[in-house]
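Student: Keeping their order, the protein sequence lines are chains A and B.
Residues in the first sequence are numbered consecutively from 1335, following the working numbering.
Residues in the second sequence are numbered consecutively from 20, following the working numbering.
Simulated from the structure, these hints should not be mistaken for laboratory data.
Be careful, since some hints might not be right.
Stated by the list, open to error - What the simulated footprint calls covered on chain B by chain A, stretch by stretch (three residues with Cβ under 8 Å from a Cβ of chain A suffice, anywhere in the stretch; the number is not a length):
(1) 73-86
(2) 89-102
(3) 412-420
Glycine residues also receive a C-beta, built at the ideal position from the N, C-alpha and C atoms.
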Amino acid sequence: MKRLTLFLVVLLGAYLVWTTQDLPDWGDPASPANSYLSTHYIKKAYEETSVPNLVTAVLADYRGYDTMFETVVVFCAGLAVLTILRRTKRKHKKNVKFRPQREGVDIILQNAARLMIAPMQLFALYVIAHGHHSPGGGFQGGVILGASFILLALAYDLKSTLRRFKENTVLFYSGLGVLIYAGIGVISLVLGGNFLAYAAWGGLLGISEVEAHSYGMLGVEIGVAFTVMAIMFSLYLDLASGGDLDEGL
Amino acid sequence: MMSAQAPILILLIPLLCGLAITLVAQKSKNLAFFLILIGMIGSFSAACSTLIQVLQGSAPIHYRLGGWPPPFGIELVIDHLNAMVLFIVSGSALLTAVYSRNTVIVEIPDRVHHYYTLYALLVSGLLGMVATGDAFNLYVLLEISALSSYALLARGRGLAYLSTFKYIIIGTIGASFYLLGVGYLYIKTGTLNMADLSQMLASPDMKESVSIKTGFVLIIIGVWVKMGFFPLHGWLPNCYSRASTTTSCLIAPLMTKVSIYVMIRLMFSVFSVDYVFNTLQFQQAVVWMACIAIVAGSISALAQQDLKRMLCYIVLAEVGYMVGGVWLMNSNGFAGAVYHIMSDVMMTLCLFMAVGAVIYKTGDSSLESMRGIFRKMPVTATAFLIGGFSIIGIPPTCGFFSKWYLITGAVETGQYHFMIALLFSSLVNAVLFFRIIEIGFFNRFDDSGHGIHQKFEFSEAPVMMLAPMLICAASLLVIGLYTSFILRNIVQWTIPAGL
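Please build the complete structure, drawing on both the sequences and the hints.
Tutor: As structure tokens, then:
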């Protein structure tokens, strides 16, 4: 059976390789993917959204609806891990035999972490705020922010980190992030535009409609960053402790 | 003004309510229930408003997200087909939400608010899949509905974790197939908007392109995995039968039907009748596969000793009905399949709710738990009976009419094997349900044979469970009685040109 499966997989793989002859050449400027919609984005995106980073313009504005649901996917994944791992309190000891135990206090690690965490978080804020001008944005900045909390938990321990950043707060931020994103969409809807039509914000903020797109994108990037940060940390909490938050690294 | 925004509100209201539950309802189970109810009511009323708009106007509704014109932005496109599916999906999600009042607290006592958040996310994911007019956006929403369903299914009974893990693997492979297929379409056309894609794919050299054909096959296989079509169904029975009552009421009727909708949408709105049936030559093979799905599903259902597993295999057979109906290449068959989406959601929901009530009361889901059911729980038994009649296809329940159209389609195209499979399945279903009726109605005596009269106290499920169940059962009759109205006003419009 295993041989048969392997044979079928190889056959299918060979077929897929064979179909590539029908596809346009690698990096062909005349290929449909490079010449149809992308041309419009490259020519018009700055004019229409006043955002110099085209990737962000496509991601957070033209296809902002997709990105909102990508954020929901992140949120949903965190919630799924939490719901599955954090069942009711276990009565007997878990059968994880070789769980790493922390012995003593590592001064070098702790001091290094102490030095690093604040610059990391500051850098993350830059990455978030500069998403629509240069590479970066909510997802990347959120990951750096999340990593800073994970570093704290790794260098110290889970319990003391949880005292600073409670589990309920983590969950609150993860929901809040999506809510900021969707809320910006809903407010544009209330202001008379369509859902996620940032142009509708222009009147409220006293800026031109094109400029409103830029601010709208900044807003949703902040929302994304909240969710990604919180879910990164929440995933670490649940996975590192096997779901009960009282032991583990 | 609100009615113009109705298409987005259908999925936005459950999403926002789901988030609100995470944010504010951590302490109070009642608040969580209240919020989910608000979300589902809002979604259902928006879906009603959209359906009315579609029925009044003749052109599909286009809703531009972010105000960007397609194909640059994403749009929602609502025509008769998805207005109907949106209506039925949001309606059954509302009924299940009401029903869940008693069951969730028993089954997932520690995480009611997270359960309801995932519930809301699942519903908005499914509704989004149905509403969208963009092939990639469909994938994103497919991921949301899949992820939330994994979490909901894993909190089930017995080995639910294991079967959900298998589902995660297989479901992810299915989703990857879909994504890979969309990738092929994108690399050849440079667009993701469904209407735009279909225009480009109509050109003759696209029709001959090997990579487009590969893309089509990959997409269809991906969707088949998601709906549990016959050779790809292995994950479904274990997963759905071990799920908690509310989860199976929510997921079992909706996931498969939404996947069928996605298949129809991609076959006829992205590709075309001509492409699917004339350029590609495997229409006959798919109808045969559907026949095997129906026969295998029915026979496996007959072999089950557990009510929920039995229902799961019936769901598999029903998937065969709809796939077969769509691939018959006949307008009556297609109409039967579309009509069956609607009726099948309601009949599986009705049966799962009835079985859920039995489990709630007896804690057991074997056939034996139906003993004396007509005396103990007469209302539940009636709902179960109507649902069963509809599955068998006894008029005037809606199951009869969908089978009628499917069989007409099979006869018109001369594909008698599909007709035989349908009739065989009706026969097996009749055996199945009359066996249960026998246990429930006559088998009131003890097995020992001494004729000791076992007492069956009247102990009916709570009203919050009975009311949605009865609405479901009544809707089976209503849909059946209004068949000609539904066909004339909705289903007729969904038949693609050239069929």
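Student: Next, verify each hint and record whether it holds.
Tutor: Hint by hint, here is what the structure shows:
Counting residues of the stretch 73-86 of chain B whose CB lies closer than 8 Å to any CB of chain A gives 5, which reaches the minimum of 3, so the coverage claim holds. Taking a C-beta to C-beta cut-off of 8 Å, the stretch 89-102 of chain B contributes 4 residues in contact with chain A, enough for the three needed, and the coverage statement holds. Coverage of a stretch by a chain is defined here by at least three residues with a beta carbon nearer than 8 Å to that chain's beta carbons; for the stretch 412-420 of chain B and chain A the count is 0, and the condition is violated.
Hint check: a violation occurs at hint 3 only; the rest are consistent with the structure.
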